[in-house]
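Read top to bottom, the protein sequences are chains A and B.
Read left to right, the first sequence gives residues 16 to 200 (the numbering used here).
Read left to right, the second sequence gives residues 16 to 200 (the numbering used here).
No lab work stands behind these hints: they were computed from the structure.
Check the hints yourself; a few may be wrong.
What the hints assert, rightly or not - 25 angstroms max Cα-Cα, derived SDA-like pairs, lysine to any residue:
id, chain 1, residue 1, chain 2, residue 2
1, A, K117, B, G181
2, A, K117, A, E86
3, B, K117, A, L178
4, A, K17, B, Q148
5, B, K77, B, V111
2 protein chains.
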Amino acid sequence: MKLSSQAQAFVLHFGEMGSRWGFNRTVGQMFALLTIHPSPLNAEQLAQALKISRGNVSMGLKELQAWRLIELHHQPGDRKDYFTAAGSIWDLARTVFEERRKRELDPTLSLLRQLLLNEPQDEQEAQAQEKIQEVYSLLELLEEFANTLSKLEHDDLLKLMKLGSGIVKLLELKSRLTGGTSSSD
Amino acid sequence: MKLSSQAQAFVLHFGEMGSRWGFNRTVGQMFALLTIHPSPLNAEQLAQALKISRGNVSMGLKELQAWRLIELHHQPGDRKDYFTAAGSIWDLARTVFEERRKRELDPTLSLLRQLLLNEPQDEQEAQAQEKIQEVYSLLELLEEFANTLSKLEHDDLLKLMKLGSGIVKLLELKSRLTGGTSSSD
DNA sequence: CTTAAGTTTCAGAAATTTCTGAAAATTGTA
DNA sequence: TACAATTTTCAGAAATTTCTGAAACTTAAG
Numbered sequence: 016m017k018l019s020s021q022a023q024a025f026v027l028h029f030g031e032m033g034s035r036w037g038f039n040r041t042v043g044q045m046f047a048l049l050t051i052h053p054s055p056l057n058a059e060q061l062a063q064a065l066k067i068s069r070g071n072v073s074m075g076l077k078e079l080q081a082w083r084l085i086e087l088h089h090q091p092g093d094r095k096d097y098f099t100a101a102g103s104i105w106d107l108a109r110t111v112f113e114e115r116r117k118r119e120l121d122p123t124l125s126l127l128r129q130l131l132l133n134e135p136q137d138e139q140e141a142q143a144q145e146k147i148q149e150v151y152s153l154l155e156l157l158e159e160f161a162n163t164l165s166k167l168e169h170d171d172l173l174k175l176m177k178l179g180s181g182i183v184k185l186l187e188l189k190s191r192l193t194g195g196t197s198s199s200d
Numbered sequence: 016m017k018l019s020s021q022a023q024a025f026v027l028h029f030g031e032m033g034s035r036w037g038f039n040r041t042v043g044q045m046f047a048l049l050t051i052h053p054s055p056l057n058a059e060q061l062a063q064a065l066k067i068s069r070g071n072v073s074m075g076l077k078e079l080q081a082w083r084l085i086e087l088h089h090q091p092g093d094r095k096d097y098f099t100a101a102g103s104i105w106d107l108a109r110t111v112f113e114e115r116r117k118r119e120l121d122p123t124l125s126l127l128r129q130l131l132l133n134e135p136q137d138e139q140e141a142q143a144q145e146k147i148q149e150v151y152s153l154l155e156l157l158e159e160f161a162n163t164l165s166k167l168e169h170d171d172l173l174k175l176m177k178l179g180s181g182i183v184k185l186l187e188l189k190s191r192l193t194g195g196t197s198s199s200d
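Could you put the whole structure together from the sequences, leaning on the hints where they help?
In structure tokens:
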């Protein structure tokens, strides 16, 4: 388990960025290592390569499994658990996207829904309620859009992402064909 | 500065979620409060409403300014600085989206670009390089797509987000008109 | 220049998160 | 069943982040 300086830099960077992506340094490093390494690795190898404790590796693997980012393999005649990144880079990105949507959007939507059930007691509360409603509508729309993107076939997603400013033309085309000139959906 | 229990819950929740959105608890709370409160607030009022120190408020305001999420106002005959959330809820969401793209994507793109300049020295490095290239291509595409979305007019963005599964039909329509049946852009 | 109102800074305290390592639990094999 | 290999747990240590509050700084006005 010697890492090339390439791999080293890649792994360390994912450790640094980890916190911005929702996990801690060592979890980020473990994920990066499992992603660039061509073959499955066991806990011992991860601990050794990243110079962290065995216990920490165990907790990190648990978290990566909760994110559904890694999968377990077994080598014949070896009782150790071996892990690889789960699927292609695209699969991984999709999974991170979905997990983050869940963690960043859902709890807020759920709270706001709750708050909107209350009847406002005075003018001030009515105004606050209005703002809350605005935030709620926006987040709900975001959530639905994120869902739509998640469900797209790889090909379609790729096409969409490559459209660039072509998107505007396509949207115009659509309203011309289906919706008159001005009204929205 | 008495908060209704509505407002209270809203503010506290944004504090909790803050860390998932890239800022700390008190910054999240300050942002939430400036968002639901109908009029501009000064540092003293924020400190008092959130029960945090004056110094902490000052640092929080600095950070919210760095995110371009709040703006400064002055009341005639009052030397204090007053703040409000910058723009509509949609403006705010757009800004958060852009800032996060910058912070979460750009540093990684920049590092990977760097790594791809090196000539691989052996088979193992060549393989790693390939993986890095895959990650890079994906993130670059993501970045461009995020850029496209950022630049869309509010109306167009809304239309796009409301399309739902209509997106697939639109993409089909497009290939039928411009690109034969299978080829991508 | 002086003063008072207001803001920012920053060293250290407090809170929170992450990490270690030894002990406990689990698992496969004989 | 016993046992050895492996994984998991978790209490406390270490590291990191956040927060406080007093001092330093800035600014407007007399």
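Against the structure, the hints:
Annotation: proposed proximity of K117 of chain A to G181 of chain B holds, straight-line Cα distance about 23 angstroms (limit 25 angstroms). Between K117 of chain A and E86 of chain A the alpha-carbon distance is near 21 angstroms, which keeps this suggested pair within the 25 angstroms criterion. Of the supplied pair hints, the one linking K117 of chain B and L178 of chain A holds, its CA atoms being roughly 21 angstroms apart against a limit of 25 angstroms. For the suggested pair K17 of chain A and Q148 of chain B, the alpha carbons sit about 21 angstroms apart, so the restraint of at most 25 angstroms is met.
A distance of roughly 16 angstroms separates the Cα atoms of K77 of chain B and V111 of chain B; the hinted pair therefore holds under the 25 angstroms criterion.
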